[in-house]
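Participant: So you can see what is in the structure, the chains are spelled out below.
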Amino acid sequence: MFRQWFHRWGSPPWFYRMSGTLLPWLSVVAAGLIATGTVWGLAFAPEDARQGNSFRIIYLHVPASFLALAGYYLMALAGCIGLVWRMKLAFWAVRAAAPIGAALTFIALVTGSIWGKPTWGTWWEWDARITSMLILFFLYLGVMALASAYQNSDSGNRAASILAIVGMVNIPIIYKSVDWWNTLHQGASLKLTSAPTIHGSMLYPLLIMIAGFYLLYAVLLLLNLRCEILSNERHSRWLQDFLGDKR
Amino acid sequence: MSSILGATFRREWQLAWRNLADAVNPVAFFLMVIALVPLGIGTDRQQLAAIAPGILWVAALLASLLSVDMLFRRDFDDGTLEQYLLLPGQLYGIIWLKVLVHWLFAGLPLVLVSPLLGLMLSLPADARPVLLLSLALGTVSLSLVGAIGASLTVSLRRGGLLIAVIVLPLYIPVLIFGASATAQAAGGIFPAGQLAMLGAFALLALGLAPLVVMAGLRIATEG
Amino acid sequence: MNHQLQLHGLRCFRSQQRLFSGIDLTLSPGELLHVAGENGSGKTTLLRIIAGLHRDYSGEVRWCGTDVRQQWPGFARDLLYLGHQPALKAQLSARENLGWYAACAGASVEAVDSALAALGIHAKADLPCHQLSAGQQRRIVLARLMFSRQPLWLLDEPFTAIDVKGFAPVVDCLRQHLARGGMVMMTTHHGMDSIDLPHRTLALGSPSTRSAA
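Chains as they are written, first to last, in this note's numbering: chain A, 666 to 912; chain E, 305 to 527; chain R, -8 to 204.
FYI, nobody ran anything at the bench for these hints, they're computed from the structure. Check each hint, because a few of them may be wrong.
Ranges of calculated distance between the beta carbons of each label pair, as one might list FRET restraints [what the hints assert, rightly or not]:
1) E:Ala339 to A:Trp788: 28 to 36 Å
2) R:Ala170 to A:Arg673: 29 to 37 Å
3) R:Gln62 to A:Gly685: 38 to 46 Å
4) A:Lys782 to E:Ile345: 25 to 33 Å
5) E:Asn329 to A:Val834: 24 to 32 Å
6) A:Leu895 to R:Arg9: 18 to 26 Å
7) E:Ile345 to A:Arg751: 50 to 58 Å
8) E:Asn329 to R:Asp154: 36 to 44 Å
9) A:Trp788 to E:Leu423: 34 to 42 Å
10) R:Pro64 to E:Ala504: 41 to 49 Å
11) A:Trp750 to R:Ser12: 17 to 25 Å
12) A:Ser896 to R:Asp15: 31 to 39 Å
13) E:Ala504 to R:Gln62: 51 to 59 Å
14) R:Gln167 to A:Tyr738: 54 to 62 Å
Just so you know, even glycine gets a beta-carbon here, dropped at the ideal spot from N, CA and C.
Construct the entire structure; sequences and hints are all you get.
Facilitator: Rendered as structure tokens:
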């Protein structure tokens, strides 16, 4: 039973068809959640006692950073599946997830920097979270660079997956080290997320945004993955039949 | 089985001696980068002493990074790598020994020359033994993690900067604890905690890195 | 020795292109199989698949009845693979290079010496290999055959760049290996006429890839 299910998920034709039917629904729900969260958070949530209106950037920054990190784990997991079960689709998922994660990390860095300006007075501050995000950005870049450097895409897939897994194992070590480093050099500075003290009316739109971003990630990943399928399977029979049907 | 590993160690040792330039270059690089610092920043002794721990560590790290590409390149080019893969029982040991010899010839010289470079940057005398010790532990991890990067890029035409992009994020924890250990020692306190962390990283790398390297080398010979 | 190599329905992909399909053959002790075909027909890839260096294939490779993927260390011990590249360290001498291979094969120092003598490189055995000619280097590579006792030999173009002095001893060595019950699978550009050994041929690149006696 599990084998069947597993084989089906690994089959590009099935996945392409399934994702095609799923995509419109996911997009609508994602758009809805993000729209709701954005409007609520930007217009209707109360002002923060200390940071005024500038805190509103967290409605973009926090979901982006969550997904940036979760996306790396997802990419590494896909790499694992690809290596252990030799599933092409899993390898293509690694290639699809990398640029999305890198873009989200970049957004998290930029929004983090925008948040920092009114709070600390500078555009860039080497605090633990931002520094860890920057390193995560490097990890993504490494995976992307390695995958594209290989002429033989099979070898590139395997190499990138191994690197993603090594990165995944190192992320807790890196984050903890940077945290520790930060306490040495920053002392008591304003923490970027005073999470325990966040008020309900500020929290709900944030949760909605996070959920919306998860779905947005899924939409982007499916779109990218479908592109990988098209590009890799362009000579295959099933795709030619499928596209023939569409006409 | 152990005769194969013994023969491998002897062969790697002989090769390292006959390719001594591979050992001299990292040290020369280390020295030159340190020389660049006062040229770039100025000769104020206090200023130099303040940044010395970090700069020494960053320079040593970069020197180690540059040397790591050589680990498997010659073996890949002449076909020896394939022969290693045909010894699956000894592959872990072979990789371990290659990295060990590499560390002895390219990492250890960096360690030994570091107190002198520390002197040039006005690093307090108290900090120099700790600098030596932290680099000794740290370069072990750097060589092993660098080997991972080398194994993943050895079959590519232009390995070069790609290894840096892959490996530098993984180097960061070692850098953090090594530089902090040296800085703390410069302040007069013995940094037992940081050195323990460096030791832990080294042990972790010693155990796990060769496994990843094995996977990387298999990819390299497949293309 | 009951060693036997079997290939079942071997189909191979390289850079997403199918090289050959449906290879079925059995290689028994004492047999020499010549893999023939034009450039790019997959001769080298076939040998590399059996040697475990190329993993993108479907079908089975069986050694003594079991799939090699399930007994890899054991199979690797029974295997000798000489690929396109010489796998010699240019800065080391012939004696040093062969010394390592002898340690891997469990052979003695004397075996190395007699191999060097048989191939006529004894005089130059202590020079770094980069100072030797291509023909001499090829003889050093093939010297491994003299002291190796693995049952299965996979040789990819072993006679490339070989000179006259090396040819006869190597063919003799192959003959003795086959007489001991060993197996050889080899590719060669030269054609098998000059090699006076009984053999079968597997022709790749033809529509039906089946072994012919």
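Participant: Does each hint hold? Answer for all of them.
Facilitator: Results of checking the hints against the structure:
1. E:Ala339 to A:Trp788: 28 to 36 Å: At 33 Å between Cβs, range holds.
2. R:Ala170 to A:Arg673: 29 to 37 Å: violated, 54 Å
3. R:Gln62 to A:Gly685: 38 to 46 Å: Hint holds: Cβ distance 44 Å, inside 38 to 46 Å.
4. A:Lys782 to E:Ile345: 25 to 33 Å: holds, 28 Å
5. E:Asn329 to A:Val834: 24 to 32 Å: holds, 31 Å
6. A:Leu895 to R:Arg9: 18 to 26 Å: holds, 21 Å
7. E:Ile345 to A:Arg751: 50 to 58 Å: holds, 53 Å
8. E:Asn329 to R:Asp154: 36 to 44 Å: Once the Cβ atoms are compared, 38 Å apart, the range 36 to 44 Å for aspartate 154 of chain R and asparagine 329 of chain E holds.
9. A:Trp788 to E:Leu423: 34 to 42 Å: For leucine 423 of chain E against tryptophan 788 of chain A, whose Cβ atoms are near 38 Å apart, the range 34 to 42 Å holds.
10. R:Pro64 to E:Ala504: 41 to 49 Å: violated, 32 Å
11. A:Trp750 to R:Ser12: 17 to 25 Å: For tryptophan 750 of chain A and serine 12 of chain R the Cβ distance comes to about 23 Å; the hint holds.
12. A:Ser896 to R:Asp15: 31 to 39 Å: The hint (31 to 39 Å, Cβ to Cβ) holds, given that serine 896 of chain A and aspartate 15 of chain R are roughly 34 Å apart.
13. E:Ala504 to R:Gln62: 51 to 59 Å: violated, 37 Å
14. R:Gln167 to A:Tyr738: 54 to 62 Å: holds, 58 Å
Violation of the numbered hints given earlier is confined to hints 2, 10, 13; the remaining hints are satisfied by the structure.
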